[in-house]
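A.B. asks: Each chain, letter by letter, is given below.
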Amino acid sequence: MRPDQLLHPAQGGLYCPKGDFFIDPTRAVPRALITHGHSDHARAGHGHVLATRETLDLMAIRYGEKFAGATQAIAYGESVEIDGVRITAHPAGHVLGSAQFELSWRGCTIVASGDYKDARDPTCAMFAPVRCHVFISEATFGLPVFRHPDAAAETAKLMNSLHVFPERAHIVGAYSLGKAQRVMALLRAAGHSAPIYIHGALEKITAYYQTRGIPLGDIRLAKEAKKADFAGAVVIAPPTSITDIWSRKFPDPVTAFASGWMRVRARARQRGIELPLVISDHADWDGLTAAISATGCEEVWVTHGAEDALVHWAMTRQLRARPLHMVGYGEEENEGPPEEPPAPEATP
Amino acid sequence: MNRFAALLDRLAYESGRNAKIRLMADYFATTPDPERGIALAALTGALSFANAKPGLVRALIQERADPVLFAMSYDYVGDLSETVALMWPLPEGAAPPDHAPSLSDIVHGLETLPKRALPGQLADWLDGLDDTGRWALLKLITGALRVGASARLAKTAVASLGGIAPDEVELVWPGLAPPYLDLFAWVEGRAPRPENLDPAPFRPVMLSHAIEDSDFLALDPAAFTAEWKWDGIRIQAVAGVSPEGEKIVRLYSRTGEDISPAFPDLVEALDFEGAMDGELLVVREGRVQSFNVLQQRLNRKTVTAKMLRDYPAHMRAYDLLVEAGEDLRDQPFAARRARLAALIARTAASRLDLSPLVPFASWEALAAARADPASAGAGVDAEAVEGVMLKRADSLYLPGRPKGPWWKWKRDPHTVDAVLMYAQRGHGKRSSYYSDYTFGVWTQAEGVDTLVPVGKAYFGFTDEELLAIDKFVREATVNRFGPVREVLHEPDAGLVLEVAFEGLARSTRHRSGIAMRFPRIARLRWDKPPREADRLETLEKLLGPVG
Ligand SMILES: [Zn+2]
Ligand SMILES: [Zn+2]
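Protein sequence lines, in the order shown, are assigned to chains A and B. The first sequence begins at 501 in our numbering and counts up one residue at a time. The second sequence begins at 71 in our numbering and counts up one residue at a time.
Excised from the complex, chain A in its bound form:
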């Protein structure tokens, strides 16, 4: 049996013909498995959605209660069967509720990992490698220059800046689902006990993290604070807000950005960032290659990001590998480069 009889890329995402479902489809479909709540993976309007409880809750927060015709929750380690295909969820370590889906049928096992990271993150369950024949990996940071430093060391840079500039607000750009809450947890672990101020766009998701038992300390809305409160305070906002009009109300702000892209200087400079923090919710190069090796897979399919380098690496390790050229992923987080659109027809 060829693995792509079980799962193959199709218009709109990865498709399982046997079970007639898609994984993270980019258009509305009758039946979808959703790996996690980032909106490039989790879209509204599907007939039926299978995902973890947290992912379903986060989708409801983002899209309203009626985001899908019907929903079904699956826990880590739990299996369900759809038309003979056995589906098991495993933690992906990317954000709260993120899952890898293990698909088994007639002795063939494929793991679709969605987005994942193998670094420790107090705000979500740790990535667990799953033995499989085919491992489907993202490659957001699929170049060997991306080797994320220890997140605690990056947090120490922010703490040091607060110490050198105690009168300046430190505005940290962080994606509103996952990264923002992880930065809060990192600051708490580094001993920062002062209130952390947030942009309104982070309010509901942050509150949801807290209801799931993740301690984030004293979190306050920036719009309800006075200017004087921001001296030496950390303010967390979505990446698009840190340099727009919203940021003007803060006293002489230090502009920070928590993202794996900050590893490359030109990229930080392009955004006018003063304090780049290399904190990523995606696996770095070492993480990608270690995860692939840990699954013991014979074949790697690479979904989105820098596919070519990872495919090249896999081949040097005697693994079959192919890029899937999936489009529509990696943009929602607003921290990656825009995808190259399909080539336009030549203008006559």
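If you're looking for bench data, these hints aren't it; they were derived computationally from the structure. Glycine included, C-beta positions come from ideal geometry on N, C-alpha and C. All the given hints hold, so there is nothing to weed out.
Beyond 10 Å from chain B on every Cβ pair, some chain A residues (computed): (1) Q505; (2) A573; (3) R606; (4) A707; (5) E724; (6) L824.
If you want the footprint, here are the derived chain B segments under chain A, 3+ residues with CB under 8 Å: (7) 86-94; (8) 135-149.
Cut-off 20 Å, straight-line C-alpha distance, at most; resulting in silico cross-link-like pairs (EDC-like, lysine to aspartate or glutamate): (9) K657/A / E84/B; (10) K657/A / D79/B; (11) K541/B / D506/B; (12) K657/A / D200/B.
Since the structure of chain A is already known, use the hints to place chain B with the ligands on it.
C.D. replies: Coordinates of chain B with the ligands only, in the frame set by chain A:
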């Protein structure tokens, strides 16, 4: 080294002057001797190495990493040292060394190691450093270390440790040497002030503010004198006699960097004793050359006989700070200027002359002179005039940038409406955007109007404009050549760019016969059909007579 590298990295991102001072002061306050002194030397440009060529760095990474992965990474990052610093892997199975080399270790090593030992030592250092440390080390050894702070700012940070005025540090600076133990001891109150015995010390320079239209209302033209603002390099020439009776002449940049070794022709010619402020220019056959020509002499540690012959250096003086041991800085500008004129009249040095005053009775008259320097006294040197300088006749020579006494009034940049012809993908951060633009203007060729490329620009636009041009390029592609796309450029279809530039030069390398200096995209003219863009003849008029 890691800590120093982290400081450099942070300085590169921070734009605020005071913030930079605070970051450096924090580093000096928390780093022991002699490490901080070596760091101060690196920050002030007193240390420079160029032990390794980029080829050595390439060879090192080729030994450690898969060449295909290196090529892909380099293509993405766009900077060799940064790529190698970021991807540098430990040998497979090796544990990271437990000791990171200090800046002092590295500087000492670079000064003493035989050349053949360098690659091996370099690999060991790279293994021991973090990615920022590796980046700074590779920049240092390839001579490409750029410090995001001036020497003046670094000295100001040292001064702030002890609440000392930065000029006090400037005064003692020329007599000091790395690792500056006596300097730190003095600012921290542990030792007396070091004595400056340098016979030709740098004096902190006085700078001007850019004048705005609204400023003129408050200014009385009768209180000011005007001079041409020359498009060269501001220098301070200092000449003195050492205790041994030897004549010492030094040329300093405006930040106090000693640039004498690059200009032996000028150093040799200066025959006065004192400190003089002026513009470094290249003068050939009695005529000031453009900045493009001067550029051939800049940023060089050594200079060839051919360069000396082809690009003779010249100083056009405009102020006198010290004459024969007498400090003139607390005298009014008019008095200093008179002393300067008298000194220049006595000098035998043909490479030294006086920057002439521009007479004017009203701001309108000065505006007219600024618009047409050739007719207002600059004559054949008009092309090297980039505006006028206004100085109050009663202004004392105050270090720094005091607001009020000195103003600069630059000429407006030239602009041209040109048509986008080709676009190329950028490098590094911009590798997913078409961000390098070739643009052209109309000319007649065989009786037909066609566009001829006149320049390339890759900045000046906002992020939103970049996205808009990128979208246009993708939609209007008519041809592809590798990373380059030719875009639609017909009389009635295409994109007109308003391009600002500083000047034009004749060029045989370009089909149009001209080269643009410092072109950048000023505005996108979506409103303008390409047929209304400018013509080559308009640009040719700006060139003036062939010469
Ligand atoms: Zn994601
Ligand atoms: Zn994604």
